[in-house]
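*Asks:* Sequence:
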Amino acid sequence: MLIKYWPDRTKIPFMSFRIAGALFSMILIAGSAFLLGTRGLNFGVDFAGGTVMELAKTDTVTVPAVREAMPINAEVNSARGTDGREIVVVKFGEAPPELLGEDFKSLSEEQKAERASGATNELIVETLSEKFGLSVENGDFLRNDSVGPKVSQELFTDGITALVVALAMMLVYIWFRFQWQFSVGAIAALAHDVIITLGMFALLRIEFNLTSIAALLTIIGYSMNDTVVVFDRIREDRRKYKKMPDREVIDMSLNVTLSRTLLTSGTTLISLFAIYFLGGPVLQGMSFALIFGIFIGTYSSIFIASALVLSLGMDFTKKTAEEVEGFTGV
Numbered sequence: 001m002l003i004k005y006w007p008d009r010t011k012i013p014f015m016s017f018r019i020a021g022a023l024f025s026m027i028l029i030a031g032s033a034f035l036l037g038t039r040g041l042n043f044g045v046d047f048a049g050g051t052v053m054e055l056a057k058t059d060t061v062t063v064p065a066v067r068e069a070m071p072i073n074a075e076v077n078s079a080r081g082t083d084g085r086e087i088v089v090v091k092f093g094e095a096p097p098e099l100l101g102e103d104f105k106s107l108s109e110e111q112k113a114e115r116a117s118g119a120t121n122e123l124i125v126e127t128l129s130e131k132f133g134l135s136v137e138n139g140d141f142l143r144n145d146s147v148g149p150k151v152s153q154e155l156f157t158d159g160i161t162a163l164v165v166a167l168a169m170m171l172v173y174i175w176f177r178f179q180w181q182f183s184v185g186a187i188a189a190l191a192h193d194v195i196i197t198l199g200m201f202a203l204l205r206i207e208f209n210l211t212s213i214a215a216l217l218t219i220i221g222y223s224m225n226d227t228v229v230v231f232d233r234i235r236e237d238r239r240k241y242k243k244m245p246d247r248e249v250i251d252m253s254l255n256v257t258l259s260r261t262l263l264t265s266g267t268t269l270i271s272l273f274a275i276y277f278l279g280g281p282v283l284q285g286m287s288f289a290l291i292f293g294i295f296i297g298t299y300s301s302i303f304i305a306s307a308l309v310l311s312l313g314m315d316f317t318k319k320t321a322e323e324v325e326g327f328t329g330v
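In the numbering used here, the protein residues as written are 1 to 330.
If you're looking for bench data, these hints aren't it; they were derived computationally from the structure.
Just so you know, even glycine gets a beta-carbon here, dropped at the ideal spot from N, CA and C.
Treat the hints with caution; some may be incorrect.
Computed Cβ-Cβ distance ranges for the label pairs, DEER-style [said to hold, decoys possible]: (1) 133 with 85: 14 to 20 Å; (2) 154 with 311: 38 to 44 Å; (3) 142 with 247: 57 to 63 Å.
Can you build the whole structure from these sequences, using the hints too?
*Replies:* What follows is the structure, encoded as structure tokens:
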């Protein structure tokens, strides 16, 4: 339907707005850096440590009732389990020291972490069992997973390493496939997408966990795919129209790929919006990150990656046998 009603050849002067786009991006990046430096990310159990419990939702075991019964600060939400039934998800950190024994302060850091994790878990299980008549033996606790401080730090380090490695591999890929100007534009666009998405996490206090890392990696891949399609078209059109100014070539290439970009983004967004509204709180963080990432990734492939290529210039006067040929066309 989109292809049917969208014009075959639009003539939008994208590069005429590149300065405005650059200023807008700098404002977003500065705002994201400020939020990350002041508010920080709202780390989930994966990165902050703590425990996640899942309970079968019943007439008595409801989100308000469980939230009221908690003896410590805890995050309580409803969600849909893998089998389709409604569940109550409880996330909490360590209990206050006064609930962990008189000798708690004299323990080593490792002993404190072990005591805190075990004692807090026992406290919550005991409280819920007394309040709602739940039992571990009867399988009322569908899930009871704890992550210690040491493990959570390792998970965070591994997640950041995955992001850095992904960006580095993208840099190498673009460097060999295109000229260095394209590589700079692509990496700048990817860094732009990651920083602004993290800023949105900090602004809205969306929980940042392992699924968020997966979302960021997906955004990187999606943005890179869109950028490569645009770059392929720019390279092909630059060789075909050698006397045409770079600005006109890039505008023409962006307009040619626009319908493809809108169709791909539109169909992906339909699925993501369904997950966001129907998947429950557990999936909302990841789906929101992907929705936001698609918008910002499409924007960056035009006003960051392509605009930087125009600013740095393209040189096709030399033979291109040194380049690794990729797909041409769209």
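*Asks:* Each hint: holds or not?
*Replies:* Here is how each hint holds up against the structure:
With their beta carbons about 19 Å apart, residue 133 and residue 85 fall inside the hinted range of 14 to 20 Å. Taking the beta carbon of each, residue 154 and residue 311 are about 41 Å apart, inside 38 to 44 Å as hinted. At about 59 Å, the CB distance of residue 142 to residue 247 agrees with the hint of 57 to 63 Å.
The structure meets every hint from the earlier list without exception.
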